[in-house]
Amino acid sequence: MMKGAHLANFSMQALRLAGYALIFLAGVWFHSSGALEAMGAYGEDIRYLTVQHLQLTAISGALAIVIGIPIGVLLARRSLGVLGPVVAQVVNLGTTIPTLAILALAMTVMGLGTPPAIFGLTVLTLLPIVLNTIAGIKSVPPALIDAARGMGMTAWQILWKVELPYALFVIFAGIRTALAINIGTVPLAFLIGGGGLGELIFTGIDLMEPGLLLAGAIPTAALAVAVDLIGAQAQYWLVPKGINPLR
Amino acid sequence: MIRLENVTKTFDSYMAVDNVSFEVPEGEICVLLGPSGCGKTTTMRMINRLTELSSGRILIGGRDIMEVGATELRRGIGYVIQQIGLFPNKTIEDNICTVPDLLGMDRKASRKRAHELLEMVALDPAVFAKRYPKQLSGGQQQRVGVIRALAADPPVLLMDEPFGAIDPINRAVIQDEFLKLQSALKKTVIFVSHDIDEAVKMASRIAIFKSGKLVQYDTPDNILAHPVDDFVADFVGGDRTLKRLQLVKVADAMQADPPRVLAETPVAEALALMQKHDHQSVVMTGPRGRARGLVRRAQLQGAQGMVGDHYERIPCTIQVDDTLRNAVSMMFSNDQTWLACVDQDGFYRGYLTQRGITHLLGATYRDA
Chain X
1 MMKGAHLANF SMQALRLAGY ALIFLAGVWF HSSGALEAMG AYGEDIRYLT
51 VQHLQLTAIS GALAIVIGIP IGVLLARRSL GVLGPVVAQV VNLGTTIPTL
101 AILALAMTVM GLGTPPAIFG LTVLTLLPIV LNTIAGIKSV PPALIDAARG
151 MGMTAWQILW KVELPYALFV IFAGIRTALA INIGTVPLAF LIGGGGLGEL
201 IFTGIDLMEP GLLLAGAIPT AALAVAVDLI GAQAQYWLVP KGINPLR
Chain V
1 MIRLENVTKT FDSYMAVDNV SFEVPEGEIC VLLGPSGCGK TTTMRMINRL
51 TELSSGRILI GGRDIMEVGA TELRRGIGYV IQQIGLFPNK TIEDNICTVP
101 DLLGMDRKAS RKRAHELLEM VALDPAVFAK RYPKQLSGGQ QQRVGVIRAL
151 AADPPVLLMD EPFGAIDPIN RAVIQDEFLK LQSALKKTVI FVSHDIDEAV
201 KMASRIAIFK SGKLVQYDTP DNILAHPVDD FVADFVGGDR TLKRLQLVKV
251 ADAMQADPPR VLAETPVAEA LALMQKHDHQ SVVMTGPRGR ARGLVRRAQL
301 QGAQGMVGDH YERIPCTIQV DDTLRNAVSM MFSNDQTWLA CVDQDGFYRG
351 YLTQRGITHL LGATYRDA
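For the record, the sequence lines run as chains X and V. 1 is the number of the first residue of the first sequence in UniProt numbering; add one for each residue after it. 1 is the number of the first residue of the second sequence in UniProt numbering; add one for each residue after it.
Calculated from the structure, these hints are not laboratory results. Yeah, the Cβ is synthetic: ideal placement off N, Cα and C, and Gly gets one too. Wrong hints could be hidden among the right ones.
The list that follows gives simulated cross-link-like pairs (lysine-lysine, DSSO-like), each with its CA atoms no further than 30 Å apart [unchecked claim]: (1) Lys161/X with Lys249/V; (2) Lys243/V with Lys213/V; (3) Lys241/X with Lys130/V; (4) Lys249/V with Lys186/V; (5) Lys241/X with Lys112/V; (6) Lys134/V with Lys241/X; (7) Lys161/X with Lys134/V.
Derived CB-CB ranges, DEER-like [said to hold, decoys possible]: (8) Phe10/X with Pro35/V: 50 to 58 Å; (9) Asp167/V with Asp228/X: 55 to 63 Å; (10) Trp160/X with Tyr14/V: 29 to 37 Å; (11) Leu191/X with Lys130/V: 49 to 57 Å; (12) Pro141/X with Tyr14/V: 36 to 44 Å; (13) Thr154/X with Leu179/V: 44 to 52 Å; (14) Asp229/V with Val82/X: 17 to 25 Å.
Could you build the full structure based on these sequences and the hints that come with them?
In structure tokens, the structure reads:
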């Protein structure tokens, strides 16, 4: 236990050092490529688009969590028989559909603008959450459910007091993955008029202006890292101690 | 207290439990015993409706279990399983208070009770109450599993091979702890096991199952002494008579009111006493009756004076409330054919001979 924690600490330290080195090198390169000036020049746009970017992520992410967890819980029911695994497999297939294709499909049905972008992003974000919820709930030992039933818990109480807490860590992992994918995909929303930092990236590409491109790409990357860090903290603190392997 | 009437369970066409009837009186431990797949676990699970009956009736305290809702019924019955099933996300005290919390009982009172129960199984509440299950050893977890079933003070306890996954040394300790708890709490217990030794140790009654049928329902001693058929005889084992040793107390097998001598007794009188009883030795007691030593006939022959001048130490004594099993073990390990039996205060109460033991174990066969 102590040894494992120590080892984890050590590797964290190493990662952190590597991170600092990367940031330093990136800084040198930014300066020489003129990205820094560009970011200064587009400061106003970056701020506005970052907020928009985060709004897209927040709305689609929240929708995906609210929809995804119940779907996962439902698909993990043993009473569904073979239907559960079959539907789960279909959901799994969904992960292979290219992002752009989903956004394009959403656009053909819902037109241009924010709603189809949110719809597309939600669908994408949904998949890891659903799959991890299923995996988490399925990992609950049958004996635990038997004990809960034998002590007189109702099905609903078993779900809330036994299954969901047990699965929470894995569900959180799914949410983190989903949000990372989400943030990285939001730039594509620009293509169907959804806004976000993609506006700078794609404009930069079209104008062959690396400074502008980076002014969109770097904040996007930074957001992805920041959101995952927040997700990791939330996972650490919100998952109860007895079932949190990190604590 | 618990009565099963023609209880039957069929899964599709397979008959798991076939027309089983028996009754467990209040405060007794009934062990359901048999090989795997014999229907013992299914029978137990029908009592709290984890498995629904196909036909027949089960009454607890005179009330048909179908009259109450399944969840309400289960909250009134303690449930312990082999896999323990502590909730990993809850602390030990919250685990113990699962049923009291479900019943909406006062939190303060139930936590206090949880701490008392922890103390009863030798787990310090100050150390363990706030821990999580994964921080406990398997044996400690199962102690918590058992007291969790007792937290809401249900009259009935169902235990499904509760000590089956625990190492033999710890198992014996937990079994003893449970018997101690049981002697204080007097629950009516249905205990599933496949281990005849555990059954003999725990049970007031044993129900032996074979492919869904109840083949014998009796006290452990009767099951061991008079198995109804070859299956039961095989199942309880060829050494079943030895197992009975565990069920009999020294006090029941010893020769009470034994001849004795005092330190002041003249040698000649002691010799006469041994001759009269045809003994090779006799125990010397203190003035109030404590066993002090023994004198041997061979050594007193031709000797002079009083017994006190010739006595030797008693090689070993056995407590009257110990089991015959320990007594026999003591005889063998000390190479003795008889043991002096003393009570807790060391007073000489009787003597136990190998012949006396074989005679007692044999008596029940001669009666039959």
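Take a quick look at whether Lys249/V and Lys186/V sit within 30 Å of each other, Cα to Cα. holds (21 Å)
**Distance restraint between Lys134/V and Lys241/X, which requires alpha-carbon spacing of 30 Å or less** = holds (10 Å)
- prompt: Would you say the C-beta atoms of Leu191/X and Lys130/V sit inside 49 to 57 Å of each other?
  reply: holds (54 Å)
### Query
If you draw a straight line from the CA of Lys241/X to the CA of Lys130/V, is it 30 Å or shorter?
Holds. Lys241/X to Lys130/V sits at ~11 Å (cutoff 30 Å).
Quick one, are Lys243/V and Lys213/V close enough, alpha carbons at most 30 Å?
Cα-Cα ~24 Å, so holds.
Proposed proximity, Lys112/V with Lys241/X (alpha carbon, max 30 Å) | It holds: about 23 Å lies between the C-alpha atoms, which stays within 30 Å.
### Query
Honestly, do Asp167/V and Asp228/X meet the 55 to 63 Å range at C-beta?
At 44 Å between Cβs, range violated.
### Message
Given the hinted pair Lys161/X and Lys249/V, is their Cα-Cα distance within 30 Å?
### Response
Given that 30 Å is the threshold and the Cα spacing comes to 48 Å, the pair is violated.
Cβ-Cβ distance between Phe10/X and Pro35/V: within 50 to 58 Å?
-> At roughly 52 Å between Cβ atoms, Pro35/V and Phe10/X fall inside 50 to 58 Å, so the hint holds.
*asked:* Lys161/X and Lys134/V were given as a pair; does the straight-line alpha-carbon distance stay at or below 30 Å?
replied: holds (18 Å)
Within 17 to 25 Å: is that where the Cβ-Cβ distance between Asp229/V and Val82/X falls? Violated, since Asp229/V and Val82/X (Cβ atoms, about 44 Å apart) do not stay within the stated range.
* If you check the beta carbons of Trp160/X and Tyr14/V, does the distance land in 29 to 37 Å? -> holds (35 Å)
When the structure is compared with the earlier hints, violations turn up for hints 1, 9, 12, 13, 14 and for no others.
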